[in-house]
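Here's the letter readout for the chains.
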Amino acid sequence: MKENVSRREFLKAAGFAALGAGSLGIIAGCGGSTDNPTAPVEGDGEMTYRTHPQNGDKVSILGYGCMRWPMIKNEEGKDVVDQETTNRLVDYAIEHGVNYFDTAPVYLQGQSEKATGIALKRHPRESYFIATKLSNFSNYSRENSLEMYYKSFENLQTDYIDYYLLHSISGMDAFQQRYVDNGVIDFLLEERKAGRIRNLGFSFHGSTEGFDELMATHEQYNWDFVQIQLNYVDWKHAGGRNANAEYLQQELDKRNIPSIIMEPLLGGRLSKVPDNIAERLKERNPQGSVASWAFRFAGTPAGVLCVLSGMTYMEHLQDNVKTYSPLNALTENELEFLEETVILMQDYPTIPCNDCKYCMPCPYGIDIPAILLHYNKCVNAGEIATSSEDSNYSKARRAYLVSYDRAVPKLRQAARCIACGECMAHCPQSIDIPKEIRKIDRYVEKLRSETL
Amino acid sequence: MLRKIRIVLAAVFFLGVTLLFLDFTGTIHAWLGWMAKVQFLPAVLAANFAVIAGLVVLTLLFGRVYCSVICPLGVMQDIISWFRGKLKKRNKFRFTYSPAKNWLRYGVLVIFIIALVLGVHSLVALVAPYSAYGRIAANLMAPVYQWGNNVMAAIAERVGSYSFYEVDVWIKSLPTFIIAIVTFVAVFVLAWKHGRTWCNTICPVGTTLGFLSRFSLFAPVIDTDKCNNCGLCGKACKSSCIDTKEHQIDYSRCVACMDCIDNCKHGAVHFALRPKNKAAKNTPADNSHDNGRRAFIATGAFVAGAAALKAQDMKVDGGLTAVSNATKPCRQTPIVPAGSQSLKNFSSHCTACQLCVSVCPNHVLRPSTDLETLMQPEMSYERGYCRPECNKCSQVCPAGAIKPITVEEKSSIQIGHAVVNPELCVMITDGVKCYNCTDHCPTKAIRYVRMNPDDENSPFIPTVIEEKCIGCGACENLCPARPLAAIHVEGHEVQREI
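Residue numbers (this note's numbering), protein chains in the order written: chain Z, 5 to 456; chain E, 2 to 499.
Since the hints were made in silico from the structure, they are not lab data. Nothing here was measured: the structure is a model prediction, and the numbers come from that model. Hints are supplied without guarantee of correctness; some may be wrong.
[As the list claims (entries may be wrong)] Which residues of chain E face chain Z? A few of them, derived with a C-beta cut under 7 Å, are:
no., residue
1, Tyr163
2, Phe216
3, Val324
4, Thr430
5, Val433
6, Leu479
[Claimed, not checked] Below, in silico cross-link-like pairs of lysine to any residue (SDA-like), each with a Cα-Cα straight-line distance of 20 Å or less:
no., chain 1, residue 1, chain 2, residue 2
7, E, Lys445, Z, Ser453
8, Z, Lys399, E, Val160
9, E, Lys434, Z, Thr89
10, Z, Lys414, E, Pro389
Beta carbons are placed, not taken as given, at the ideal position from N, Cα and C, and that holds for glycine.
Sequences and hints are given; from them, build the entire structure.
Here it is in structure tokens:
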């Protein structure tokens, strides 16, 4: 969050802006659109590739997460994928050695697979790997699951899928219910035999026990890969009941199963860190972006096949390509340095929301990720007041209330959450969403009524 | 010199009063709120004797200075008239003496007083000068100001400043909006053509003060020794009250603008003690062609105003999203702000100036569309609710319709109570848990009980302990049921403390 600008400074600036309105537009345009301030310089070498221990696939260490394609409004005001920009991003990625694209039927309100398919179709099929998932969350009947499976082929305009995942399972219960009881896993094993699925795996969010249960099935199903959440915070400090990434990676290494990494940047939370953390990272590596630390960390374990990043902007893509061309694995020293950084970051009690939007749409119209992200932003900016006695109380109060109304329309704010709990089951980070939302609402109410 | 002083003072008052209507943050009201409170009619309704006495003394001393300096509608007409004079020099001297239209001005005054006594509030509000200006400022100027603010807010957002924040711009009541436009057009046309005709034919305050100003101690006086009968003072008189041939000034219509003094090249007009025998000489009205036309225009303005009454409420869209604002429920008793004491007190004091509507930060107050209380504000909770920390409306009201109360007092004033319609509650319609109304009730007046007391398995519904409810509308505003909230507030005829 930018620093608060006083009214006088602002009016002064606005006066200059009026003098040169044209130039302001250009300056503001540049400042507003990049979250990542790194100059778009390409890496000095070639993209790093990892080899799949069983089938020898040479996979780029940077994989494209297709959950965050740029969106625009169509004529009816509906959010749709900006296909033109998406094509450009895909072209750049492939040109710079990225060859792994990870999508799912449910991403981007169901638009991701199709958009990804269109962009990829313009390149030779053998030049990239496609990963998609069986997202049979709400209706896991056999018919519905198979329909979803076939639909993916149609959407992606392909006759084989390189990496196929059972989408987000937390343990044996979910696995049994969604894939075993309905016979879907047997069907998928047949499909793997037939070559329409080249690699079969699953994506995991959950506890150590849940992971152990699933690892125990390896002998039976021979998982080709597993997708896990790994980053320098979750390595040793995974929140809630989630297993530490260190443990997950270790268990996979034991079985020689390659891992695909998701949330290396925690949905941007590891690039939008508090100012003093950013300074700390920058002091250590002035040339690298804040985000580059997270990507280098995720790529460092040798068992990692590919690190996914949902890159909405060209600048993010360019920065990540730079980080991985080639990957400089973190040294022992640097790993220690990051671990110390994580400890420092715990002074900022953010809510572990990665903006994946699985909780949406809320049946009562609440914009859950926007409320949580806005809160996190203020936490990181040190703009959460603890009492009206605080020295920065009035500044923090105004900053929170004004930016809250800017970030979230009134009808979608926390005060309107009825705590029905619909969202809870969908959160892969197992955040107690109604509780957090209510907490924010109480805070806002105290700010508004000046009773903090 | 006197003219310049008048212009400076008028500009200060005009800007000050206008800012009261434009400043939606309510900060300026602490400094300039008195400018609304010295307005004549609000002071009369508020029984503010000090102000009334002050204005009477002022008028008895110097004539209708009030009309030239304090009244924003009067100053607005001067600005319009002056602007026309600026376009062409000739226009500056476009006025001619015309006799007073006594039948019209006294007629309007009599009707006005009858309406005031009988409680025909909409008619009173229609011609009261300060409230007419308030409606013009609140309905026509404030949106422009707010849009300007929103542009600044958009720029501020881009540079990460919190100096400006965006505000909703919406038509709070279509009839009132139309009346404001019609009033503005009528006043504009009259001022453009004839200067102060409105003030000397329609305005009840102008007529009342005219009674007094006949006897004012000081007034512009023509020195017949110096006068060469050029007639320039009469041509420059926007009140058309200088009979240059007779060297007479109709002091009941003179607004003490001092234009005649500055325009006289021979120093023949002075602002001075008046010779007694010359005071208050009035020429009876005759039915000239001009007179008839003015009356016609004035009547036309009334007819147009009356026609606007028939226009219906417009639905204002709450936004582009799939969640809409709730629909306004049909309230048996309207809700008026804490401090109003009772519906009767409120409606008999309110001049419908829209000052409280302008400062309400929660979009709760808006002009009523009921014929009886037309343009007077009422509360509704579709866009926000009456926040516990806010008492702005009570601080700004100049007319005593909303008496000043503190935030602490407000928390115990019961302006209404919530009523539950269980059939609309999402716990019944959607079968979900929802405790939003209980959670947000500042007085903890809402409880959850089984819908059917005899059935342990029947769903929960909210119920209101009426004695604890203050009617703030948090429950209604935050209720997720659409289009109508499952809980809504009914107003109380008499407000009481709990």
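A quick look at each hint next to the structure:
1. Tyr163: 4 Å, holds
2. Phe216: The hint is violated - phenylalanine 216 (chain E) has no Cβ within 7 Å of chain Z, the shortest such distance being about 50 Å.
3. Val324: For valine 324 (chain E), the interface hint holds, since the closest Cβ of chain Z sits about 3 Å away, which is under 7 Å.
4. Thr430: 12 Å, violated
5. Val433: 4 Å, holds
6. Leu479: Where the cut-off is 7 Å and the nearest Cβ of chain Z is about 6 Å from leucine 479 (chain E), the hint holds.
7. E:Lys445 <-> Z:Ser453: Given that 20 Å is the threshold and the Cα spacing comes to 16 Å, the pair holds.
8. Z:Lys399 <-> E:Val160: 17 Å, holds
9. E:Lys434 <-> Z:Thr89: 43 Å, violated
10. Z:Lys414 <-> E:Pro389: 18 Å, holds
Hints 2, 4 and 9, counting from the list given before, are not met by this structure.
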